[in-house]
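**Q** Here is what each chain is made of, one letter per residue.
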Amino acid sequence: GEDVEQSLFLSVREGDSSVINCTYTDSSSTYLYWYKQEPGAGLQLLTYIFSNMDMKQDQRLTVLLNKKDKHLSLRIADTQTGDSAIYFCAEGQNTDKLIFGTGTRLQVFP
Amino acid sequence: DSGVTQTPKHLITATGQRVTLRCSPRSGDLSVYWYQQSLDQGLQFLIQYYNGEERAKGNILERFSAQQFPDLHSELNLSSLELGDSALYFCASSEDREGEAFFGQGTRLTVV
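Sequence lines, in order, name chains S and A.
In terms of my numbering, the first sequence opens at residue 1 and continues consecutively.
In terms of my numbering, the second sequence opens at residue 111 and continues consecutively.
Label pairs and their calculated CB-CB ranges:
(1) A:E208 - S:K67: 12 to 20 angstroms
(2) A:E205 - S:L61: 16 to 24 angstroms
(3) A:E205 - S:P110: 36 to 44 angstroms
(4) A:N161 - S:D16: 40 to 48 angstroms
(5) A:T220 - S:S27: 38 to 46 angstroms
(6) A:R128 - S:Q80: 41 to 49 angstroms
(7) S:E38 - A:T130: 21 to 29 angstroms
(8) A:A124 - S:Q59: 41 to 49 angstroms
(9) A:S175 - S:L61: 34 to 42 angstroms
(10) A:G152 - S:V19: 20 to 28 angstroms
(11) S:E38 - A:Q151: 16 to 24 angstroms
(12) A:N161 - S:Q93: 18 to 26 angstroms
In case anyone wonders, no lab produced these hints; they're calculated from the structure.
All residues carry an ideal CB built from backbone N, CA and C; glycine is no exception.
With the rest of the complex left out, here is chain A (with noise of 0.2 angstroms):
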């Protein structure tokens, strides 16, 4: 267990929708990254937040947007959704920006 918690585990949602992606980091860990896992893609980093601010933008959609809570949780939304979307989005955390950076479950979202 790497001590940072995803929901849901799997959500399934129809085109045109939007949903929210939610992760804990481990106690401590100031900084949440999102990443983007599918079949074409292999894994992307999309965004990352340290403290609530946003601190590193990689391949997001302008669909999607990210934001971290003063408990340090981070919100994923994915909204207008489409096919191609349907991913695995990890979440993983880190104490600040060196050494190790440990990954959530993810969220496997299926778009029909």
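With the rest of the complex left out, here is chain S (with noise of 0.2 angstroms):
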């Protein structure tokens, strides 16, 4: 079946780029997601890219999608304390049924 996988952890100074990986095994996946949640929050939508596309960029957030790998990554410049949450990465064909990875939790640290 479907899997999305996700490092566990990662931490970065304040300042510093972060790049989260994701891997993700349908190779009918049309839609890519990248959702943050904050402690205690609900899941926000940063930002999704269609399998057609390489990359994507908005602001301070570069999606990298390697189709043939299956891997996408996620890249933040200039990270913030602010930016401390747990980043999912989810696939899936349309909106219907999306297949979410285990979720990676950045820490920043001044």
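Both chains come to you apart, so use the hints to assemble them.
**A** Structure, rendered in structure tokens:
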């Protein structure tokens, strides 16, 4: 079945770039998403990318997709303490049934 | 604020009881999705409704059911509750099946 994997933790210094990685197994995925979850809060959609794209940039966020290797990454430039959260990668053929990864806890230290 | 509203925010109930979680989608969104987030299972898709009709089903237990009403709000009913049902239940909505799905703040259910 479909599976989405992420590393559990990432720790970065404030001002550095963060790169959160994700691998997925479903080659028919059409959409790949990044969601952010802050403590005690819901899931915030950060960005998504179509499977026919290689890259998408939105302000401090850059998403890279390597479809051949089924690898997705989220780069956060100039990481701030407010970026500390859990980041979920998700994939789906449409929005009907998203498969989520386990989440990567990003910790930003001063 | 995603525009998706879930009530209540917190719910504490005893084993064997039944609860109803409510979701109001973003204005104009026809699709509503329910997800369960637990420590051991992560985020799991439960069920989806589109304009009142069930569209997709995931790992939803038979003790759980959902519906979407004519005004497009949705309710998730959980019955014969067990300790293991304690989790954060999210509702999400989207305009159609493509692109963005927006999540509510979740309802934290604690079964004691």
